[in-house]
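> Keeping their order, the protein sequence lines are chains A and B. Positions 1 to 476 (the working numbering) are the ones given, in order, by the first sequence. Positions 1 to 251 (the working numbering) are the ones given, in order, by the second sequence.
Derived by calculation from the structure, the hints in this document are not laboratory data. Check each hint, because a few of them may be wrong.
Keeping only pairs whose Cα atoms sit at most 20 Å apart, straight-line, the calculated EDC-like set for lysine to aspartate or glutamate is [as the list claims (entries may be wrong)]: (1) A/LYS244 <-> A/ASP290; (2) B/LYS126 <-> A/GLU287; (3) B/LYS81 <-> B/GLU47; (4) B/LYS126 <-> A/ASP132; (5) B/LYS126 <-> A/ASP195; (6) A/LYS352 <-> B/ASP206; (7) B/LYS189 <-> B/ASP206; (8) A/LYS342 <-> B/ASP33; (9) B/LYS81 <-> B/ASP33; (10) B/LYS114 <-> B/ASP206; (11) B/LYS229 <-> A/GLU306; (12) B/LYS126 <-> B/ASP111; (13) A/LYS337 <-> B/ASP33; (14) A/LYS244 <-> A/GLU328; (15) B/LYS81 <-> B/ASP60; (16) A/LYS6 <-> A/GLU288; (17) B/LYS126 <-> B/ASP34; (18) B/LYS189 <-> B/GLU149; (19) B/LYS226 <-> B/ASP206; (20) B/LYS226 <-> A/GLU413; (21) B/LYS189 <-> B/ASP34; (22) B/LYS189 <-> B/ASP210; (23) B/LYS226 <-> B/ASP248; (24) B/LYS226 <-> A/ASP335; (25) B/LYS126 <-> B/ASP210; (26) A/LYS14 <-> A/ASP195; (27) B/LYS94 <-> B/GLU149.
Computed list of chain B residues with no C-beta within reach of chain A, every gap over 12 Å [said to hold, decoys possible]: (28) ALA37; (29) ARG112; (30) VAL113; (31) PRO127; (32) LEU140; (33) GLU150; (34) ASP171; (35) ILE174; (36) GLU180; (37) ASP217; (38) ILE220; (39) ASP228; (40) PRO234.
This structure is a prediction, so every number in the text was calculated from the model and none was measured. Just so it is clear, CB atoms sit at the ideal spot from N, CA and C, and this is done for glycine as well.
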Amino acid sequence: MTALGKLFRTTTFKLTLVYLTVFALFAAFLLGYFAFNTRRLITEQITDTVNAEITGLSEQYRQGGIRRLVIAVDERARRPGSSLYLVTTFSGEALAGNVTALQPGTLDNPGWIETTYRRLDEAKEKEKIHPDHHALVRVFQLPGGFRLLVGRDLEERERLYHIVTAAGRWSVAIVIVLGLAGGLFVTRRVLRRVDAMTETSRSIMAGDLGERLPVAGTGDELDRLAVNLNLMLERIEALMHGLKQVSDNIAHDLKTPLTRLRNRTEQALRTASSEAEYRAALEGTIEESDGLIRTFNALLMIARAESGQARDDMIEFDAAEIANDIGELYEPLADQKGITLKVEAQTAAPVKGNRELVSQALANLVDNAIKYAVLGEKTEGAAAPLIVVQAANDGDRVLLSVADNGPGIPESERLRVLERFVRLEQSRLQPGSGLGLSLAAAVARLHGGELTLADNNPGLKSIIALPRGGPVQIAG
Amino acid sequence: MATYVENYGQRTTGRAGDAQPDRVTMRLLIIEDDRDAADYLVKAFREVGHVADAAHDGEDGLAHALDGQYDVLIVDRMLPKLDGLTVIGTLRGKGIETPALILSALGQVDDRVKGLRAGGDDYLPKPYSFSELLARVEVLARRRGGRQEETELRVGNLHLDRLSHMVRRGDEEITLQPREFRLLEYLMKHAGQVVTRTMLLENVWDYHFDPQTNVIDVHISRLRSKIDKGFSQPLLHTIRGTGYMIRDGAR
């Protein structure tokens with residue numbers, strides 16, 4: 001595409017053309033209207049003057065006959081800037097006046113007529129030089145067969161008309177030229193900025209995610225676009241960074257058990273001699289691979305929650321019901337470990353979301369709490385381990401929380417544990433993928449909520465805040 | 001989940017006193033394009049006494065399923081020529097109601113829902129353990145037996161009344177929590193069959209996720225203490241590495 005072609009194809013330029021056409025048409029109409037009215041006004045003045053003269057002259061004729069009329073016409077015709085006069089006999093013989101060379105037939109009919117003429121004083125010598133003039137005349141039949149012609153030259157009218165039409169043509173031409181130039185100028189400026197943005201986005205596409213689109217600082221629509229695109233780029237960069245960290249973590253947390261798996265198998269091949277030993281090695285292998293599958297499933301689940309795919313199966317449900325169900329599911333396990341698990345969820349807490357994912361998120365929190373509450377018991381002088389699962393309404397939010405009275409998480413560590421695979425040193429020995437909290441956080445984000453970790457004094461309170469849904473019909 | 005094939009899924013190594021499921025020979029059709037996996041399944045099912053055929057693409061599988069008399073179809077979700085869901089849909093369209101279990105590498109909730117909606121009867125995400133697959137297939141085959149929904153379930157001298165929610169062992173009445181009742185009901189409905197922990201979680205709790213810790217075991221041991229404690233003949237058996245089974249050992 002040529003540079004000029006590119007220019008003509010822009011939206012700005014097309015808009016310029018549209019405006020230009022509209023303005024040019026408007027200007028042409030305005031001036032045309034002005035010209036027409038000017039012409040009409042002048043014509044009216046001429047007819048008024050001529051009518052007045054005819055009235056005056058026919059009065060002279062009536063009082064003093066043809067002689068007096070001839071004298072009056074001669075006298076008037078000599079005045080500078082005079083009108084045109086001609087008095088003839090009924091046969092067309094000129095008696096007085098200052099015009100000649102009228103168009104044939106002009107005098108035949110009384111009334112208004114436009115005609116060509118020549119002044120008597122210029123008729124002889126400058127015949128060749130002066131073309132015929134135009135005039136608007138009135139022919140008046142006098143009693144006694146004489147005819148009186150009075151008229152005004154139209155040169156003035158024509159000149160004014162020409163001036164106005166010329167002005168019209170010029171102004172339209174100027175509008176077009178200036179408009180086009182302005183349009184080109186603006187278009188080129190816009191185009192230059194768009195080109196700069198295109199250039200930058202090309203280099204971003206080529207892999208330089210650190211680049212940002214230029215912002216001119218004028219606050220116009222292009223700036224706003226650039227600012228928003230830059231925000232988007234920042235988000236993408238953060239996500240890419242997160243992804244890189246995740247893949248590093250995956251590499252670590254999947255490769256470690258894979259290495260163990262391989263070592264175990266290798267060792268069995270090398271040293272095992274009895275069926276029992278082989279069996280033990282194979283059982284260990286299956287156990288390792290189950291752990292791997294579990295980690296893998298958790299990762300897929302998180303990815304699914306974070307990509308927003310799970311939005312498709314959002315339904316209305318009661319979070320209180322989920323709190324009761326999950327509490328009921330884990331209560332025997334807690335009980336077996338000497339932990340009291342209580343559920344506080346009496347009032348309905350409507351939520352619109354993926355019931356399965358929210359259940360799993362809450363289950364993960366309870367599972368964590370059970371692990372930590374047990375740890376708490378080991379510290380000296382601790383109270384009897386207690387876990388409280390709660391579903392509560394809080395304004396336009398629904399809070400699903402799990403509180404334990406275990407050792408808790410130091411404030412400085414709380415943000416870090418939400419990252420994937422982070423497990424605090426003291427819990428390294430506990431089973432689990434280290435993905436429980438990450439999944440809970442991802443599920444909360446999917447629903448437009450958030451997961452927060454708070455101090456339970458002592459212990460940890462994990463809270464999933466979800467936007468409150470509409471009223472829920474609680475099944476019997 | 002340590003031992004997979006010690007007691008269950010391998011006929012020859014039952015230890016004395018271990019509970020064995022009531023096993024009726026089934027005819028199975030495995031539609032799976034991965035030949036290694038299909039061969040492994042055919043062999044494994046034969047080892048436990050079932051008859052299994054394999055088909056390696058959707059069209060072949062459909063032809064087999066239309067021709068043969070099978071108790072259960074095991075259908076991979078993604079197949080060459082005709083995908084698994086279409087195969088099942090076509091069969092259902094022709095009025096063939098052979099129970100079908102869908103195997104899928106896609107996993108996750110919505111995929112399972114799609115599979116079941118297409119006419120599948122059960123769904124197992126890959127990778128799966130053979131004992132899990134076997135337990136589910138046997139439950140599906142039994143369901144085909146078309147037993148009426150009985151109002152009273154009996155295993156040995158254990159009675160469960162589904163209408164009055166009464167449970168008795170011998171003359172002794174047993175009080176169960178609602179969930180314990182549903183757990184026992186599910187186990188008794190599949191008496192003599194192995195049910196896995198995931199099957200219990202899916203059917204009794206309606207959850208399809210992995211609860212990490214084995215919460216089900218604790219529920220089972222509570223139930224066991226209510227129905228077996230004080231009786232010389234235990235009814236609720238743990239099948240190592242697989243799950244649980246309720247059956248009358250005295251029979």
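> So which of the earlier hints does this model not fit?
Hints 1, 3, 4, 5, 8, 11, 13, 14, 16, 19, 20, 21, 22, 27, 29, 30, 31, 36, 37 and 38 not satisfied by this model.
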